[in-house]
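Peer 1: Let chain W serve as the given structure and place chain S on it in line with the hints.
Residues per chain are reported as follows:
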Amino acid sequence: MSVVVDPYAEVAIRRRFLDGLNPLAKLAGPLPAVVLLVFVRDLVTPLIFLALAYVVILAGARLTRTVGLILGLALPLGVVVFGVGMSVWIDASRIDRSVEIVSIGAWTLYGGALEIGFATSLRLAAIVALALIAGLTTTGPDLVRASVQQLRVPYRVGYTALAAFRFVPRFRHELDIIRQAHRVRGAHGGRFGVVARWWGYVVPLLAGAIRHAERVALAMDARAFGAHPDRTERHLVPFRVRDAVFLGACWAVSAVVLTAPL
Amino acid sequence: MTPLASGAPDAPGAPAPLARVRDLAVRHDGADAATPAGATFEIRPGEVVLLLGPSGSGKSTLALTLNGLIPHAVPAEMEGAVEIAGLDARSTPVSVLSTHVGMVFQDPDAQLVTGTLLDEVAFGPENLRLPVAEVLARSESALRQVGLWERRAENPDRLSGGGRQRLAIACALAMGSPLLVLDEPTANLDPAGIEDVYVALHDLVRHPDGTPRDRAILLIEHNLDAAVALTDRVVVLDAEGRTVADGPVDDVLRGRAEELHAMGVWLPISTLAALRLRRAGWVFERLPLTPDELRTAVTASAGPVTAPRAVAPAAPTGEPVVEVRGLTLRRGRHDVLHDIDLTVRAGEFVAVVGGNGAGKTSLVQAIAGVIPVPRGTVLVGGVDVARTDSRGLSRRIGFVFQNPEHQFIAHTVFDEIAHGLRRQKLPEAEVRARATGVLRRFGLEDKAEQHPFLLSGGQKRRLSVGTALVAGAPVLVLDEPTFGQDRARAEELLRLLRDLQEAGTTIIVVTHDMQLVTEYASRTVVVADGRVRADAATAEVFADEALLRSAGLRLPPLRQALRGVTHPALANAIRLADLPGGAS
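These protein sequence lines are chains W and S, in that order. For the first sequence, numbering that gives the first Met the number 0 gives the first residue as 0, with consecutive numbering after it. For the second sequence, numbering that gives the first Met the number 0 gives the first residue as 0, with consecutive numbering after it.
Next comes chain W alone, as it looks inside the complex (with noise of 0.2 Å):
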């Protein structure tokens, strides 16, 4: 049994306030600083978002081994390594030359150059560090239920799309035999050989895909999914006072930082 990440998991164990917030909220409240992000060119407004970021994760966010991962080492390193990649990839003949920090031969690493790749990186970093506030603390089922209690969405769409998840793991399963079974006829060869070799096995892949949305789809019907406009929801997702609270701080706090004179 391959491990997969399990989008259902139940989490039982004892919530922060992160947890407790509305899936809405936590996507919403980083949305303008994201897509702001995306123009600024300074190192120090992503670095301030990073830092918030980081401060409302750790402590909003269940401290798990895969979170000091990915806030400890992932993003750090990531920084550093695309942030140097970045500096020396970069054309140094459009950028500031004042600065000369390392010199090989006729090749010199520019302070300008350094400058503008670790802008790039953070801001990344920063856009990554965002979206883990809700990507940490949210499972699928709550973004569903919370997309159809407040946005409207239609829940035939919303737990379709829910059912198939399950489809994944079967999917990914049913492509690895496949695979097996090609390499044991000797299915490859010719010139185009990796462009025929999938095309060969998109066509098992999707009729046992098919014939099983269609099982599944039977399988829903007779239990009398989509007979109703709506249906009992047993895990009311609400919009509380606080989670108004976090969204007005998020573009509060977005505003104040984007807006003043660095």
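Check before you lean on any hint, since a few could be wrong.
[Claimed, not checked] With beta-carbon atoms standing in for the labels, derived distance ranges:
(1) Glu491(S) <-> Arg155(W): 37 to 47 Å
(2) Gly503(S) <-> Ala206(W): 29 to 39 Å
(3) Asp498(S) <-> Asp175(W): 24 to 34 Å
(4) Thr316(S) <-> Arg182(W): 42 to 52 Å
(5) Arg386(S) <-> Gly71(W): 16 to 26 Å
(6) Leu174(W) <-> Gly503(S): 28 to 38 Å
(7) Asp175(W) <-> Ala132(S): 41 to 51 Å
Hints were generated in silico from the structure; no laboratory data involved. Remember, it's a predicted structure, so these values are computed and weren't measured experimentally. From the three backbone atoms N, C-alpha and C, an ideal C-beta is built for every residue, glycine too.
Peer 2: Just chain S now, kept in the frame of chain W:
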């Protein structure tokens, strides 16, 4: 055609039928003929009705009409009448019918929608817009009835096959329907899972003291040995799907067994055994239906004095063709296979059995070089599998996957067969001649230009066997070839394998179906926890019930019936063919 046994006018005071089917004919879009063509029967509260019929008689189609999925969700032309609790199923929406008829389908995985057992069971009542308290009450009661309440917070993926099917039953119960329709609920399960489901069903329809409850069940099942003990009434469809018999188990199964058997309807193994013994002169006042009844019957009477059938001499076997030495396979952190030693000789028919996750598929995949193995651990035809390329391997051993579609790579049936020959770099004339020969041998001559995906299920299976053998492999390995198939198709395949074996091919087959194992395999290898637990003649393995149980397996029905029977003609029989009264 015999007249219908029932259909008498309602006796005053008898409960109104939950379902009434009259002259039902259904033609699927694109199909030539209607199957069923004229089904008529009723189901009353508290009844367990078993619906039988030869393969292709439209049993599953009929099931889908009962809650309106046909014609509301599946396009089909429908004639006759289906009435559910007095409602016309054709004009009543599925959501209303779903509160009268709960459905359980064959594939447990295709019935799961949510992430926990509790959410899954609550899904139906939620769709009915019931108040939360009612949803929870129904969910708890349904989960308790199938013994899964304690596991309500778990992800359904963590349940065994039998557990998931019990969950599907709970989901149907939570709809509050007095009638449950189960369509081949155990076809995808291993023996332990089948037992699991039937224990749950038994508790649903009988009080602990054995008296019936009010719940009615319509059961479509090929595994009659498990089903018949629950059944009150049997409805039989003929090949076109017309009701030809409808009555209590005793009248239909016991009284008309020979007739049904001739029609191609599957009967319990115990009944088939009794029919055979009857021809040898045994007298059965009541034809036995279950292993227990058969045992009681043959123990009570002395039976005619027949000499035990001469034990067929073991098929002459030749040189070892497969040799496994000290094979250990790791996946991730744990051993999938542990220190396996196994030798298969030319001409043998070997069954590899074991519970789910025992490692039997990994073992045969390692033998056939489907998954990589350490050097020097697997020899096939004298060459090391780990050092042979797939072209060389395909001349020595052929592998057939569970789903034949997975291994089709060409656009016509002919090219599918020819592919294996072209890989051997044979001249095109020889490719054509040999491929045509293989097509003829597997009865696919007239399908040569068709796309493999458009073949029928049985034809696809034959084609996959053909592609595995075409390069001249003397050894054929099959992974669960009968999984999810009806009995007729499974038998057809097994007969094909026996023919191949008689023509000299060595057969290794992985399966869950214990009766098929005993009928066909000369040798059985039991795998449990990645180790070979037993490896001996089939008769010897199936004489040891404790061993089978500990490996997650069960005795096949015939062996179960004859356990402890001392009559010399029966004591050691494990196959129907071992019983006196043969040549049928």
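Peer 1: Now tell me, hint by hint, if it's right for this structure.
Peer 2: Here's how the hints hold up against the structure:
1. Range check, glutamate 491(S) to arginine 155(W): about 42 Å between beta-carbon atoms, so the 37 to 47 Å window is met.
2. Judged by the Cβ atoms, the range 29 to 39 Å given for glycine 503(S) and alanine 206(W) holds: they are separated by roughly 34 Å.
3. At about 33 Å, the CB distance of aspartate 498(S) to aspartate 175(W) agrees with the hint of 24 to 34 Å.
4. For the hinted restraint 42 to 52 Å between threonine 316(S) and arginine 182(W), the CB-CB distance of approximately 31 Å leaves it violated.
5. Evaluation of the 16 to 26 Å hint for arginine 386(S) and glycine 71(W) yields a failure: the beta carbon distance comes to about 46 Å.
6. Separated by about 36 Å at the C-beta atoms, leucine 174(W) and glycine 503(S) satisfy the suggested range of 28 to 38 Å.
7. For aspartate 175(W) paired with alanine 132(S), a C-beta distance near 44 Å keeps the hint of 41 to 51 Å intact.
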